[in-house]
Structure formats: C-alpha cells, structure tokens
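Novice: Residue numbers (this note's numbering), protein chains in the order written: chain Z, 1 to 234; chain X, 235 to 522.
If you want the ones that stay clear, here's a sample from chain Z, every Cβ over 12 Å from chain X, calculated: (1) 65; (2) 130; (3) 165; (4) 202; (5) 213; (6) 214; (7) 218.
Quick list of the computed label-pair ranges, beta carbon to beta carbon: (8) X/398 - Z/202: 31 to 41 Å; (9) X/249 - Z/119: 42 to 52 Å; (10) Z/122 - X/362: 53 to 63 Å; (11) Z/14 - X/323: 24 to 34 Å; (12) X/337 - Z/126: 45 to 55 Å; (13) X/507 - Z/214: 58 to 68 Å; (14) X/389 - Z/119: 34 to 44 Å; (15) Z/84 - X/341: 38 to 48 Å; (16) X/473 - Z/122: 27 to 37 Å.
If you only want the chain X side, here are some residues facing chain Z, beta carbon under 7 Å, derived: (17) 401; (18) 405; (19) 408; (20) 409; (21) 412; (22) 414; (23) 415; (24) 416; (25) 417; (26) 418; (27) 419.
Derived by calculation from the structure, the hints in this document are not laboratory data. For glycine and all other residues, C-beta sits at the position ideal for the given N, C-alpha and C.
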Amino acid sequence: MLELKNITAGYGHFTALWDVQLRVARGEAVAVVGPNGAGKTTLMRVISGLIPSRAGELVFEGESLAGRPAHDIVAHGIAHVPEGRRIFPALTVGDNLRMGAFLPAARQAFPESSARVYDLFPALAERQRQRAGSLSGGEQQMLAIGRALMSRPKLILLDEPSMGLAPVMVLRLFDLIRRIREEGYTILVVEQNVRQVLKLVDRAYLLEVGRIKMEGRAHELAEQDFVRKAYVGL
Amino acid sequence: MIDPIFLAEAAINGLLLGGVLALLALGLNLIFGVIDIVWIAYVDLVMLAMYAVYFLVMVYGWPIWLAGLAAIGVGALLGIGVHVLIISPILGSAPVNQLLATGGLLFFLQSFATFLWTTDHRSVRLALPVLEVAGIFVSFARLIAFVIAILAMIGLYLFLTRTYIGTAIRAVAQDREAMALMGADPRRVYLVTSAVGGAMAGLAAALLSIQYSVHPYFGAAFGPITFMICVLGGLGNMVGAFVASFIMSEIISIGGVTWSTEMGYVIAFALFIVMMFVRPGGILTKRE
Ligand SMILES: Nc1ncnc2c1ncn2[C@@H]1O[C@H](COP(=O)(O)OP(=O)(O)O)[C@@H](O)[C@H]1O
Ligand SMILES: [Mg+2]
Numbered sequence: 001m002l003e004l005k006n007i008t009a010g011y012g013h014f015t016a017l018w019d020v021q022l023r024v025a026r027g028e029a030v031a032v033v034g035p036n037g038a039g040k041t042t043l044m045r046v047i048s049g050l051i052p053s054r055a056g057e058l059v060f061e062g063e064s065l066a067g068r069p070a071h072d073i074v075a076h077g078i079a080h081v082p083e084g085r086r087i088f089p090a091l092t093v094g095d096n097l098r099m100g101a102f103l104p105a106a107r108q109a110f111p112e113s114s115a116r117v118y119d120l121f122p123a124l125a126e127r128q129r130q131r132a133g134s135l136s137g138g139e140q141q142m143l144a145i146g147r148a149l150m151s152r153p154k155l156i157l158l159d160e161p162s163m164g165l166a167p168v169m170v171l172r173l174f175d176l177i178r179r180i181r182e183e184g185y186t187i188l189v190v191e192q193n194v195r196q197v198l199k200l201v202d203r204a205y206l207l208e209v210g211r212i213k214m215e216g217r218a219h220e221l222a223e224q225d226f227v228r229k230a231y232v233g234l
Numbered sequence: 235m236i237d238p239i240f241l242a243e244a245a246i247n248g249l250l251l252g253g254v255l256a257l258l259a260l261g262l263n264l265i266f267g268v269i270d271i272v273w274i275a276y277v278d279l280v281m282l283a284m285y286a287v288y289f290l291v292m293v294y295g296w297p298i299w300l301a302g303l304a305a306i307g308v309g310a311l312l313g314i315g316v317h318v319l320i321i322s323p324i325l326g327s328a329p330v331n332q333l334l335a336t337g338g339l340l341f342f343l344q345s346f347a348t349f350l351w352t353t354d355h356r357s358v359r360l361a362l363p364v365l366e367v368a369g370i371f372v373s374f375a376r377l378i379a380f381v382i383a384i385l386a387m388i389g390l391y392l393f394l395t396r397t398y399i400g401t402a403i404r405a406v407a408q409d410r411e412a413m414a415l416m417g418a419d420p421r422r423v424y425l426v427t428s429a430v431g432g433a434m435a436g437l438a439a440a441l442l443s444i445q446y447s448v449h450p451y452f453g454a455a456f457g458p459i460t461f462m463i464c465v466l467g468g469l470g471n472m473v474g475a476f477v478a479s480f481i482m483s484e485i486i487s488i489g490g491v492t493w494s495t496e497m498g499y500v501i502a503f504a505l506f507i508v509m510m511f512v513r514p515g516g517i518l519t520k521r522e
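Only chain Z is shown next, with the shape it has when bound in the complex (with noise of 0.2 Å):
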C-alpha cells in the first residue's frame, strides 16, 4: 500500500533521513521505534508531504506522491496524526471535527464520520461543546485521532500518541488504537512506547540516527537483546 524507496530527507544542511526503505501493506499495522533524535517524526512528515524529500520515492496505492504539498496527500488517503497532538485548541470539539472532514468528499459524509468518531470515543460525545483546549491530554490525543479518521482515510500515521499520557490512558489508547485497527485502517504509528507499541502491530523498523537499523515481525524484534535492553527496559 505504501512503499518508499532511498528516502532522504532534512533540515537545510542537515540530513535527518538516509535512505530509508519502508513498507505497509494495506490491514497492516506497522511501528516505528528508535530513541529521540532518530528522525521518526521527519519519516512521519515526509509521508504527509509536510516536508519534501530529497531524493528516493513514494509511492502510495501505486501512485507516486513524492514532492506533493500536504493538502494533497491526505486526499489520497493518509491522514497524519502530528506529534504533540496539534488539535485547534480554541475551536469546539465538533469544530475540531468538522475540520477534519474539510475534504469535499469528507464533509458529505460528516454526519456518518462523526458518528463513528463519537461511538468510538464517547468522552468527546459528551464534550462536543466544549473547548478543545480546555480537554485533558489523553482526550486531546482522542480528539487528534477522531479528527484524523474524519479524512476518511485509508492510511493513518500516528506520531506518538501515549506521549505524555498517565500509564492508565496509555493502556486505554492502546486499547483504541487496538479496535481503529480492527476497523480495518492501515496504520503506521511511531512510538517510544517499545513494549506495548510491539504487542500491537505486525512488524516494526528500528531507526537510529536517521537509518533503519533492523526490521522485522513484531515478537521476533521483541525478543532481540539489543532492543529489549535498550528500549524495553527489561
């Protein structure tokens, strides 16, 4: 479903991202783990065209996308839930929602998208109302992924979503995450998360320093010493 090939990608002189090969096939679900620094929110950028690539391809659902702004991107599919949760804290939850379906196609099937967003996460049911800024950082995390599935997308990028999150609301959003997966999206998701985020995917990549250094089934990357000691903890 999604493929690149030689990504290279940074900052001005900088060079964040070198060559990086990645996969997902579609009803996957892929993780991408590796300490601060690594490059893994830049990998997340450069799949929503949030910033260009410098050299390799991108191929989505074999069609090249590579150097397409990010308004563009997501109307092929990929909705990119950003790092920091980005929601707009000074709209309502349902504003909030209803600018995630600002795609024409999205907007007709608002009504149906909420829905399913609010079954989904009934704590912003309840909220529809209420400042988004004025929600408690895991709800905030809710909104940032219900806004995301209002696109319609085949293809969701999360960027660290248990970040700052009590140890509680992790479990619970790994729980959602679970079920969004379960609906049938393709998920790539980021995490420094190592154990819980390996319990949930297919296969995962390990980047450090800008490099996939290893890549691999989930259990079987899980249980190489070299990860467990340094991001599992065990």
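Position chain X with the ligands relative to chain Z; hints supplied.
Specialist: Same frame as chain Z, but now just chain X with the ligands:
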C-alpha cells in the same frame, strides 16, 4: 474646569470613532492572525477605496450607499491584489523582508496617489445633519458610521464562528500546518482572508468618506493608531483589538477636548508605550 457637557460629547464622539477604528483594527488583525504578516499599507488601501468613493459620487453621480457597496468590492479586490502580487511571493522569507515589502507598498501607494490625484483634499460633501440631544451635539455621519461598523463586526463574528470557511480561517490562525493536514490548501485560505480583510478596509473607507476628506497621506493619519490598537490588544487577538479600539478612541477624544488634539495623541502613544512594558502580550493577557 471643563464643562461636563463637553466631556460627555467627547466621550460619545470617542465611542463613535472607536467603532470605525475597531473595524480597521479587526481587518488588519484578521490578516495578521492568519497569514502572520502585518500589512503596513493596510490603511493606504483604505485611502485608495476612499478615492473610489469620491470619484463614484462626485464624478459619476452614484448615490453614496451604492458607492459604499462598490468600495467594499474595491477593497476586496485590492486585498486579493496585494496578496497575490506582494505577499504570496515573500511568504517564506525573513520577517524583516516582509516588513520592507509591505512598507514599500505604503510609499508606493502614497506617491502613486499624489501623482494621479495631487495632494488636494477631496470630500464627497454630504449635507448630513448634526443631532442635538440634551445640549450634546452628535454628527449624524459619525453615528451612521458607528452603527454600520458595529453591524459589520457582528457580521464578521458570525462569519468566523458560524460558517465552515470562517471556522477554517480561525483554525489556520491557530495551527496552519495542522489545517494543511486536514486537506486545506493554505494558499486558498490566505486568499479568502485577504479578500475579507480587504473588504473590511473598503467598508471602512466608505464610512470614513462621509466624515473626512481623502488625500494621498490619509493612511498616515489612521495607520499608526490602527497598529497601536492591534499591538495593544495583542496581535491577532480579535477581542483585544476591539476593546483596545475604544480605549484609544476615548483617550484621543477626551484628551482632545481637555487639552488639545495633539495632546490626545500624545497620551494615547504614551499609554501604548507603558502598556508594552506592563502587558507586552496585549491588554487581555494575564500577567505571568
Ligand atoms: N525543524 C527542524 N529544523 C532542524 N532540525 C530539525 C528540525 N526538526 C528536527 N530536527 C532534527 O532532525 C533530527 C530528527 O528529528 P525528529 O525527526 O524530530 O526525531 P524523533 O521524532 O525521532 O525524535 C534531530 O536531530 C532533530 O534535531
Ligand atoms: Mg518525534
């Protein structure tokens, strides 16, 4: 001691002036909030639209209300023109270059207007009455301008809060990148915002035309105070700009009758400087 009647009259005039100032400040602030660029030449667009009103009424014999509606259209077109020709090419460049570009536009427009129309002061010369209520004199033109300005701001409020594109404009002001991830082309949102901001300049031009005569340096009379209001209210903060407009207009008006017009402006500028130290983020921000 000043006659309390004079003070009451000044307070009312200040209130009426505040309405039009608020319209200008909100237009400028809307554009800044969304596009992150201060249109230094904003009030010079008002000047151009005032000339449009003048010529439509005095040369082509249009009724003032129709010329006023046309000014709104002229303003919207000017806003789009400024965005496409000047702002859009420099969106990614350093803030200082952006200031130089829109500041350069200001000098260009002033010189261009002088070249075309000389420095003569031109007025549409409407014979509008002066109302007297309990010894207080109020100009009907000012009252009308105030009422229309307030209605327009209510309209703007409804546009920004009740319509889809208005909500999208507020969303872009909060997080441009996140809105691009929703599928909104920022360039389109900028264009709509520039047209709305320009239309507000056009309406302000119509409302100012019935009170003041126009000349190429009209922007210099209202530009600085408009910027001060925006900064005082907190750049990009619409409610703050609205409140600050009336604070400034009252100071200018009451200071004007108590001492002199110049003194009114001196006090307004002094307050502005003091507030910049006390509340650099605008009057409505809480102190840390
Ligand atoms: N806007 C930016 N400008 C310059 N360098 C950046 C920028 N964003 C990230 N970087 C650098 O790129 C590298 C990768 O960052 P990032 O993708 O955010 O890593 P991660 O998400 O894995 O923590 C880091 O060295 C970081 O300092
Ligand atoms: Mg990151």
